[in-house]
Amino acid sequence: MRAVVVEKLSKTYRVADKTPGLRGAVRHLVRRRHRVVPAVREISFSIEPGEVVGFLGANGAGKTTVMKMLTGLVHPTSGTVRVVGHEPRRRRAALLRQITLVMGNKQQLVWDLPAGDTLRLNAAIYGIPDAEARRRTDALCGALGLGRDQELTQPVRKLSLGQRMKCELVAALLHHPKVLFLDEPTLGLDVNAQTAVRDFVRRYNAEHGASVLLTSHYMADITALCDRVIVIHRGRLHFDGRLDELAARFAPERQVRVELADPADAGVLSAYGAVEKVEGRAATLRVARDDVPGAVNRLLSRHRVVDLTVADAPIDEVVEKLFADADADASADAERTA
Amino acid sequence: MTAWTRRLRAFFGIEYALMLTYRAEILLWAVATCLPLIMLGVWSQAAESGDFVRSPAWMARYFIAVFLVRQVTIVWVIHHFEFLVVSGRLSPQLLLPVDPVWRYAVAHLAEQACRLPIVVVMLIGCLLLFPTAWRGDAAVGPWAPGLGAVAGGVLACMAAFTLRFVLQYTFALLAFWVERVAAVHELVYLLILFASGMVAPLEVFPAAARDAVLWTPFPWLVWFPAKLLMGESAPVLRGFVTLGGWILVLAVINRVVWRCGLKHHSAMGA
Chain X
2 MRAVVVEKLS KTYRVADKTP GLRGAVRHLV RRRHRVVPAV REISFSIEPG EVVGFLGANG
62 AGKTTVMKML TGLVHPTSGT VRVVGHEPRR RRAALLRQIT LVMGNKQQLV WDLPAGDTLR
122 LNAAIYGIPD AEARRRTDAL CGALGLGRDQ ELTQPVRKLS LGQRMKCELV AALLHHPKVL
182 FLDEPTLGLD VNAQTAVRDF VRRYNAEHGA SVLLTSHYMA DITALCDRVI VIHRGRLHFD
242 GRLDELAARF APERQVRVEL ADPADAGVLS AYGAVEKVEG RAATLRVARD DVPGAVNRLL
302 SRHRVVDLTV ADAPIDEVVE KLFADADADA SADAERTA
Chain W
12 MTAWTRRLRA FFGIEYALML TYRAEILLWA VATCLPLIML GVWSQAAESG DFVRSPAWMA
72 RYFIAVFLVR QVTIVWVIHH FEFLVVSGRL SPQLLLPVDP VWRYAVAHLA EQACRLPIVV
132 VMLIGCLLLF PTAWRGDAAV GPWAPGLGAV AGGVLACMAA FTLRFVLQYT FALLAFWVER
192 VAAVHELVYL LILFASGMVA PLEVFPAAAR DAVLWTPFPW LVWFPAKLLM GESAPVLRGF
252 VTLGGWILVL AVINRVVWRC GLKHHSAMGA
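In order, the protein sequence lines correspond to chains X and W. Counting the first sequence from 1 gives a position; the numbering used here is that position plus 1. Counting the second sequence from 1 gives a position; the numbering used here is that position plus 11.
These are calculated hints, taken from the structure and not from any lab test. Mixed in with the good hints there might be a few duds.
Now the stretches of chain X that chain W is said to cover, found in silico as 3 or more residues with beta-carbon under 8 angstroms [what the hints assert, rightly or not]:
{"#": "1", "segment": "88-102"}
{"#": "2", "segment": "105-112"}
{"#": "3", "segment": "116-123"}
{"#": "4", "segment": "189-197"}
{"#": "5", "segment": "220-234"}
Predicted model only: the values in this text are computed from it and were never measured. Heads up, the beta-carbon is just placed ideally off N, CA and C, and yes, glycines get one too.
Please take these sequences and the hints and turn them into a complete structure.
Next up, the structure:
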């Protein structure tokens, strides 16, 4: 059975349309106007057990709305959702015991009490025996570098953002869910904490075979954890496939970084591809994918090359290009319709 | 220990710990809910001034009993729930495989347990300030309710708390549609204040008004348990049937509103 199956999922919100200022406020009081905002439009995808999928999109693209529909917090306007065989909006205990949702900007820990209290509470709610709960807490804390007698015994409000997020993860995973929905779990964390969270998610996935749907604005999270990505923009699904396919499709050029024995000359190097940057003896070129072998051969045969690397464009640039293409397509469609 | 007992114990433990953290606030709440003691002073004075339907000792005893009933039936779920909905903190609770209502109910019990020592001190203070309440006077004997009356009073308090909780929680669920639902509930509180016997005992109401309010759930929330705790005769069967009936009706309405509310909540974006 697939972990998540989404078919033609849509969600529209009815929002108040109010002009700013006193006049707008009074007018809205007398004559209310609303408009329908499509947040998610007919998206379909599925996630296999044990798969880690990156969920990309700009702010307001509809990622969080999809996450909420997958966890039953938001009911779809149309389309179907199945998570481990259950319909999330029914909020059946059998489903809730198998999933978790971690949101970087919301917390389940009790703010004024030590995180250990929330863990004890969650153990009772999920019916985990005390000894087993202690064992799981130790294992999860160990993997995240949390001290059972340190971070777990301090009031949550006294913890740093990184410590708090780690405790959130322990609380969210104590019942060993099979499907993890992680919405910006590294939001605002420093580099060390981000790495720790990333490593932890990878380890949990490997040990428990859990499926993970991860959103993050830090591309490092996506590239470190996900082989597959789903990209949505303005509520529509624009890409669903392997990360390297995304680069191949939306970045038809590759980066060739070359370091020469002699000072680099932009004019000379332009014969091999578009010169992006020249710094002393080093240069970066953009070369069409199919032309890379030929360009590299010519570079090596005609120049004294000290070092040479070929790489895909940074993934965030690729995604930016995808969004720009999607916006251009939408504008062209709108013009055609007009 | 069953899974449910363990859950309820865990809820109580965490909520009691939270209440201890907010101990100063709880002390202020206990002091702020001493309206019956103010009414005790007012009505005792009125009773002492001359011909009155009840003696000063009866009045003092009644309002001390009302104070006790009030302390064990205070409900604040509407403020808590409104905050959870408006701040978006309800979502994590909706992801747990337990209806959040159980936690809110246990939180009230934990708050009561935390407030208990303050209530005992205030009660002793009242009895010392108004010794006629337990000594009695020419019209009423000493305050010595039988075991049956006390048991009935305790049961009535439990039923009154349940009814107040279900009533207020049902209004709280309107937070799914209305942003300031606590303000809406103020109207209900006004009715409770005057029709429950909190401001004046039903004995001083005109007969027609008394008969009318006895058809509402309000006197059974305060006046009825207070009368039982005083050891006075009260319409026991009618009281418990009314309380039970209202609890049942409101519980059904509550579940319907909860389901509709969740759907609407999701439409707003949860």
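Structure-based check of all given hints:
For the segment 88-102 of chain X, the proposed coverage by chain W is satisfied: 8 residues have a C-beta within less than 8 angstroms of a C-beta in that chain, meeting the threshold of three. Note: the segment 105-112 of chain X has 4 residues with beta-carbon separation from chain W under 8 angstroms; the three-residue rule is met and the coverage holds. Residue count for the segment 116-123 of chain X with a Cβ under 8 angstroms from a Cβ of chain W: 5. That meets the three needed, and the coverage hint holds. A count of 0 residues in the segment 189-197 of chain X with a Cβ less than 8 angstroms from any Cβ of chain W is obtained; the coverage claim is therefore unmet, three being the minimum.
A stretch counts as covered by a chain when three or more of its residues have a beta carbon under 8 angstroms from one of that chain; for the segment 220-234 of chain X and chain W the count is 0, and the coverage is violated.
Going down the numbered hints, you'll see the structure goes against 4 and 5, while the others check out.
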